[in-house]
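Residues per chain are reported as follows:
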Amino acid sequence: MEVPFWNKQVETLDRTSLQAIQLERLREMVAWALKTPLYGKRLTAAGIRGPEDVTDLHVLEQIGFTTKDDLRRSFPKGLLAVEMDEVVRVHSSSGTTGIPTVIYFTRDDLDRWTDLLARSITATGASSRDILQNMMTYGLFTGGLGLHYGAERVGMTVIPISGGNTKRQIQTMKDFQTTVLHVTPSYLLHIHSQLEAEGVRPGDLALKRAFIGAEPHSENTRRKIEDLLGIQAFNSYGLSELNGPGVAFECIHRKDMHVWEDAYLIEIIDPKTGQNVEDGQEGEVVLTNLIRRAMPILRYRTRDLAFLHPEPCACGRTHRRLSRILGRTDDMLIINGVNVFPSQIEERIMKVPEVATNYLIHVDKKGALDRLTVKVEIYPKLFLGEAAKLEALRARIREGLRSSIVISPNVELHEPGSLPVSEGKAKRVVDERPKD
Amino acid sequence: MAKQLTIFVENRAGRLKTITDNLRKSNIDIRAFTIQDRGDYGLLKLIVDKPDDAYLALANLGCACALKDILAISVPDQPGNFHRLTSALAEHNVNVIDAYGFVLQPHNTGVCCMEIDQPQLMKAQEIVAEAGFTILQDEELYSL
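Protein chains in written order, with numbering that gives the first Met the number 0: chain A, 0 to 435; chain B, 0 to 143.
No wet-lab data here; the hints were simulated from the structure.
Predicted, not measured: the structure shown is a model, and the values here were computed from it.
Treat each hint with caution, since some may be false.
Listed next, with one range per pair, are the computed distances between beta-carbon atoms [as the list claims (entries may be wrong)]: (1) Asp39(B) / Ser342(A): 21 to 29 Å; (2) Thr85(B) / Leu381(A): 26 to 34 Å; (3) Asp76(B) / Gly366(A): 48 to 56 Å; (4) Gly366(A) / Ala89(B): 55 to 63 Å; (5) Val420(A) / Asp68(B): 33 to 41 Å; (6) Asn94(B) / Ser91(A): 39 to 47 Å; (7) Asp329(A) / Ile96(B): 43 to 51 Å; (8) Leu381(A) / Ala89(B): 55 to 63 Å; (9) Leu383(A) / Ala89(B): 37 to 45 Å.
Which bits of chain A does chain B cover? Going by a derived footprint, with three or more residues having C-beta under 8 Å, they are [as the list claims (entries may be wrong)]: (10) 381-389; (11) 412-418.
Every residue, glycine too, gets a C-beta built ideally from N, C-alpha and C.
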């Protein structure tokens, strides 16, 4: 089997040379990071006053980790290392408590990110002959636009259809004979369930590959997708803090995702001690961005649990492979590819006087898609006995949640005292999605 | 004006029983009831002999309940009378949020309970009286 490469020289570089590139880029990143208040303080406190103090790849262990809280506290410009004039793109993700996090890119940053995506796409065997239907959401979310630019660089025909509207997705797949999809696994399964309803047989379509990501899924789910649609499905990994998609991607062997180590310094740590663990051992993924000057991020705790394969891949790439995401070290929920923190929901509910402080977040599956239900209790003192007011309340809560967490949940109204009490360690999240 | 007790009840087995059990313990006599179904919950609406006592009994229990002024209209139990009532309200553009009725003495007396939007409530009262109907005050209604 011929192995396709975008940049064979870099992708197959021996480990020593790869680490030399990492060190050179890390020095450069530290120089930029020193310009920001957060890292300026942390680096100098650790005795790192300039690139020359970065003597090896482990020197940053002295500055500890960067957390989502650090990013939130730095909102909006606390981690910006360049003048706004140089910034050409902003992406943002919703924060855990209503304050978003923001990511900046210079033109060169975008160029380097785009190249990683071109590399990722090529590694799957897709090429300029392919027609890509990009079903990830465009906008502030990095999933849509990020891959879009990489696909154009490869020379694919890109259909920037974004998410939703299943009828139109299916029609577009027929009309343009789409060969590659970029999609969340749950939405792809949902589309499959709708094909028959639309009178479409797999033979009417030209699908060959799907890039699946933005939500954790099992090997069984991948197999199911591949069997049902007769395609190959490639797992991908990325997060907006580290640019977005293209941090790691599967090659033609589909045996876990190559982390592009010339662009990202990856560590797997024991989440309790913060110490690095051996390759092959599960732990929390910690990443340093080596290619973004506008907003350096050093040793970011992703809260994702995974492991690195110690053995090389048959494709010949020397960049290590990251396992699929096995879990989280925090309570973040991923609902149809959208990251949702229970604290975001709580914060919204606490702002509504007509409901009590007890609530329950319920997640299950409706068909292939995730369904989020937020259960709240009526606050007796503000109950007026009118159905119209209750329905207006339900709509107001739903709209408030939608503006905070992007997705629109079902809102159920419950009797006072029927949900778990707010004190103590009440179980606020019930996730009934099958784990397969 | 007559008082209706409205209670928020989740739509699941056993919820009504909890409420009736507490009304029974407080020795409340239920004159009429209806349930407005809203899918995952319902609004139980009661006409009782001691509305304030019933409200306190349920509120102390933690129930979401409310006492509300409604029109309780005495309607002679003969063909066409309910139509006469709805016509009078329609003519003056009064909207009825919810209504239910019960017959007290067959072929003689019926009662129609109507929930009217607060801003239109006084006006509706006048219209109904002008159309020749008797509006039952709370004591009259509870001692039926």
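Structure-based check of each hint:
no.: 1; hint: Asp39(B) / Ser342(A): 21 to 29 Å; in the structure: holds (25 Å)
no.: 2; hint: Thr85(B) / Leu381(A): 26 to 34 Å; in the structure: holds (32 Å)
no.: 3; hint: Asp76(B) / Gly366(A): 48 to 56 Å; in the structure: holds (52 Å)
no.: 4; hint: Gly366(A) / Ala89(B): 55 to 63 Å; in the structure: violated (45 Å)
no.: 5; hint: Val420(A) / Asp68(B): 33 to 41 Å; in the structure: holds (34 Å)
no.: 6; hint: Asn94(B) / Ser91(A): 39 to 47 Å; in the structure: holds (45 Å)
no.: 7; hint: Asp329(A) / Ile96(B): 43 to 51 Å; in the structure: holds (46 Å)
no.: 8; hint: Leu381(A) / Ala89(B): 55 to 63 Å; in the structure: violated (33 Å)
no.: 9; hint: Leu383(A) / Ala89(B): 37 to 45 Å; in the structure: violated (26 Å)
no.: 10; hint: 381-389; in the structure: holds (count 7)
no.: 11; hint: 412-418; in the structure: holds (count 6)
Hint violations for this structure: numbers 4, 8, 9, all remaining hints satisfied.
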